[in-house]
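Undergrad: Using the sequences plus the hints, can you model the full thing?
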Amino acid sequence: MMSAEKKPLLEVKHLKKYFPVGKNQTLKAVRDISLNLYKGETLGLVGESGCGKSTFGRTVIQLYEPTEGTIIYEGREINNSLSKAERHEFTRKMQMIFQDPYASLNPRMKVMDIIAEGMDAHGVYKGQERKKKVIELLETVGLSEEHANRFPHEFSGGQRQRVGIARALAVDPEFIICDEPISALDVSIQAQVINLLKELQKKRDLTYLFIAHDLSMVKHISDRIGVMYLGSMVELTDSETLFDDPVHPYTQALLSAIPIPDPDVEKSRNRIMLEGSLPDPIRLSEGCLFAGRCPYAEDLCRKNTPEMKEVRPGHFAACHKAK
Amino acid sequence: MSRLLEVNQLRVQIETQHGTVQAVRGISFHLDEQETLAIVGESGSGKSISVKSIMGLLPKNGKIVEGSILLEGKDLAKYSERQMQSVRGSDISMIFQDPMTSLNPTMIIGKQIVEVLKEHRRDMTKAQMKERALELISLVGISNPEARFDQYPHQLSGGMRQRVVIAVALACDPRILIADEPTTALDVTIQAQILDLMRDLQKKIKTSIIIITHNLGVVANIADRVAVMYGGQLVETADVRDLFYETAHPYTKGLLASIPKASDKGSDLTAIPGTPPDLMEPPKGCPFAARCTKTMEVCRQYPPKDMLCRGTHRARCWLLDERAKALRE
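From first to last, the protein sequence lines stand for chains B and W.
Anchor point for the first sequence: position 322 equals 322 in my numbering, and the numbering is continuous, going up by one each time.
Anchor point for the second sequence: position 205 equals 205 in my numbering, and the numbering is continuous, going up by one each time.
What the hints contain is simulated information worked out from the structure, not anything from laboratory work.
Derived DMTMM-like pairs: lysine to aspartate or glutamate, alpha-carbon spacing no greater than 25 Å straight-line:
| hint | chain 1 | residue 1 | chain 2 | residue 2 |
| --- | --- | --- | --- | --- |
| 1 | W | 284 | B | 154 |
| 2 | B | 202 | W | 268 |
| 3 | B | 39 | W | 264 |
| 4 | B | 303 | B | 32 |
| 5 | W | 261 | B | 245 |
Okay, the calculated bits of chain B under chain W, using three or more residues with CB under 8 Å as the criterion:
| hint | segment |
| --- | --- |
| 6 | 156-170 |
| 7 | 188-198 |
| 8 | 216-227 |
| 9 | 257-266 |
Computed from the model, here is a short list of chain B residues facing chain W with C-beta under 7 Å:
| hint | residue |
| --- | --- |
| 10 | 48 |
| 11 | 49 |
| 12 | 274 |
C-beta: ideal position from N, C-alpha, C; glycine also.
TA: In structure tokens, the structure reads:
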């Protein structure tokens, strides 16, 4: 779906993020992930809790320093050698929307100042213009001028998430990392926020990295989807193919575990039940990390770690048995 | 099937600093033997408060102001706290969303199961209790029960912990198991395991289940009947197939429509505009009127009556009135 000559907006190469935990132990939260993001697309990132999807997003936006690997944005490597001005420019272009709209807004600040904080930091709008811009942003996300002087506690969850989106948009970013932006919201409100994100993407030509565990929403909003398991990417392809023809046994199990809101379908479905739960991420064995729960695992899988390979054009999977 | 639990015109108020919240506004439903009833609704719709009233676990500022809760003819709404203690854990048990907070982190899991038996089964000897605990641990699908008996909650994964919580809840063979969002804190692959376990256990030990959830996929998976709550009221109750395929209430329709489907790709999702009503000052008409696409004048003025659609399928909506027939579709 993405043409080969198209230049990626963001290139992530062999990204690793390790955290020290306790005595001489390391938690390998992200283990060697490479991917490209193209302008205007939405890449969904899914996986169960603890798979490293949020850590990946936070490392890309430089909230964490990568242990290894490179992040290239518009052809320029983002690392410590950037000058202050360059870093400033980069932080303006990349913004983040967080999961919990209750925790991510400062309760002591008025919505006006929450939204304008980024503008102030970057010194882009001042005085009357700043106020005008905030009101414009509030209207963009479906709120209105009267909300500018209120505090976060006066808003519902969905409205707070709209404030979070307005804040991210304030510095006219090109790329937004959405870290579980709807999982704290009620079902009837989730669709509102998803529609808003899609509309903004169309109007402003935004690129999204959309991190979530609700696969049906991810499918709806994403052009391509990456599936993570224990810090590694196990499958990456366009969203239709991922749902219609998944090749990695973990993806297959994950998709089959989603309950479908249709009683007749649910009663007649054959589920792939995974045995056991996630292994301890600190003490992992050799070979494929999924081998212990995989119904198809054989000796090869327990010995060698599978590499990401292109099983079909644009369809990548890390599995010895994937064809 | 015989009737086990009957809730009639239950009305619950919660006093807060800012005023009185009409959390539950006159709901009636029943639960038959060996059936699974799902209560669906968004946060603040009153679903948790309703089941907490059944359990006698309302917060101190909450009060049942009207209605009855009949468990095989006995009205639990009139029970004292002392009387409720003998009901909880033996007749009705409850499991909660977060397995970590419902287990005691400083006590081995075997002992946590034995505790319930000590409270309700005075006739059992110590050895019998331990035996029963081991039996329960393996009943909920945990292998090697002897070793697990001596483990602490932190040594178990989230899915395992929820299994232990279920084992504790089932210790005294309750007639009714109430599960408040039992899989919300779990990952999908683990959620599938727990739902499977609950269905399996229901067959084995013949308990009735009330499950609270906001996930319509979970409803389709496990429920026999469904009750949909909105703004402190029950807006629709139906057999699971009727609810999904013959949906009567506009709110339920909206919920089902807002789930992304393959055909929605590339187009907007059908969202329900607006937000739920403030139950401090509930609207005098239909609670959904402000967000409904088919609102009529009468909807804002008068609360809709509970109307029978077909068989046992009921909904509270003025559109079901004979006089609104032409407006229905």
